[in-house]
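*Asks:* Residue strings, one per chain:
2 protein chains.
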Amino acid sequence: MAEFTHLVVVKFKEEVVVEDIIKGLEKLVFEVDTVKSFVWGNDIESMEMLRQGFTHALMMTFGSKDDFNAFQAHPNHVEYSATFSAAIEKIVLLDFPVVAIKPMPT
Amino acid sequence: MAEFTHLVVVKFKEEVVVEDIIKGLEKLVFEVDTVKSFVWGNDIESMEMLRQGFTHALMMTFGSKDDFNAFQAHPNHVEYSATFSAAIEKIVLLDFPVVAIKPMPT
Chain A
10 MAEFTHLVVV KFKEEVVVED IIKGLEKLVF EVDTVKSFVW GNDIESMEML
60 RQGFTHALMM TFGSKDDFNA FQAHPNHVEY SATFSAAIEK IVLLDFPVVA
110 IKPMPT
Chain B
10 MAEFTHLVVV KFKEEVVVED IIKGLEKLVF EVDTVKSFVW GNDIESMEML
60 RQGFTHALMM TFGSKDDFNA FQAHPNHVEY SATFSAAIEK IVLLDFPVVA
110 IKPMPT
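Just so you know, the sequences run in chain order A and B.
In terms of my numbering, the first sequence is residues 10 to 115.
In terms of my numbering, the second sequence is residues 10 to 115.
If you're looking for bench data, these hints aren't it; they were derived computationally from the structure.
Misleading hints may appear alongside valid ones.
As the list claims (entries may be wrong) - Estimated spans, in silico, between C-beta atoms of each pair:
#, chain 1, residue 1, chain 2, residue 2, range
1, B, Ser-90, A, Ala-11, 22 to 30 Å
2, B, Ala-79, A, Asn-85, 36 to 44 Å
3, A, Ala-11, B, Asp-42, 23 to 31 Å
4, A, Met-58, B, Asp-42, 35 to 43 Å
Claimed, not checked - Partial list, computed: chain B residues near chain A (C-beta under 7 Å):
#, residue
5, Val-26
6, Glu-35
7, Ala-66
8, Gln-81
9, Pro-112
Every residue, glycine too, gets a C-beta built ideally from N, C-alpha and C.
So that you can see chain A by itself, here it is in the shape it has in the complex:
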């Protein structure tokens, strides 16, 4: 079964301490076993016109859509979602099965 990715592109509110949000997510992804990987980044390169005010990308991968659903329903995720939502100025969120064209070497 294809891996499943939960992708969040976000601009946080100005007063938000992004490190605190990341720490909360770090705690969450280790609490929930079905999260296979979690990586994030702060855009430093793209043109403002293309970035459109978004500053951070957060990506979680799961072994399957079922594993993703288990994460979504997990009480710790539900709880942290409230904190995360309150920190957001704008967001784009995509959930999709991953199609790997040129896979990472393993």
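Start from chain A and add chain B according to the hints.
*Replies:* Below, chain B alone, put in the same frame as chain A:
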């Protein structure tokens, strides 16, 4: 040195055959050696309110920012960018060094 990610979130124009765009990208990532991985996906899950009309995510990773710069400057990339740009209705693009919190098992 941290890996570097080139992330594109996009809505293609209605008349675009997405498979053709992906085929072009597939060709490109095998032509340019510095592209370490390329995965993509078509959102099937998120709420329309959060997806905001975007439908596809495309992610390329590179071993370093220098490798990403080499890709950006590669003539095949420059050439394909024109085709890609013409297919886009809207786009968000982020380029960032990857911070891995819970890495994929290797």
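*Asks:* Give a verdict on every hint.
*Replies:* Status of each hint after checking the structure:
{"no.": "1", "hint": "Ser-90/B <-> Ala-11/A: 22 to 30 Å", "result": "28 Å, holds"}
{"no.": "2", "hint": "Ala-79/B <-> Asn-85/A: 36 to 44 Å", "result": "41 Å, holds"}
{"no.": "3", "hint": "Ala-11/A <-> Asp-42/B: 23 to 31 Å", "result": "26 Å, holds"}
{"no.": "4", "hint": "Met-58/A <-> Asp-42/B: 35 to 43 Å", "result": "29 Å, violated"}
{"no.": "5", "hint": "Val-26", "result": "16 Å, violated"}
{"no.": "6", "hint": "Glu-35", "result": "5 Å, holds"}
{"no.": "7", "hint": "Ala-66", "result": "5 Å, holds"}
{"no.": "8", "hint": "Gln-81", "result": "9 Å, violated"}
{"no.": "9", "hint": "Pro-112", "result": "6 Å, holds"}
In summary, the numbered hints that this structure violates are 4, 5, 8.
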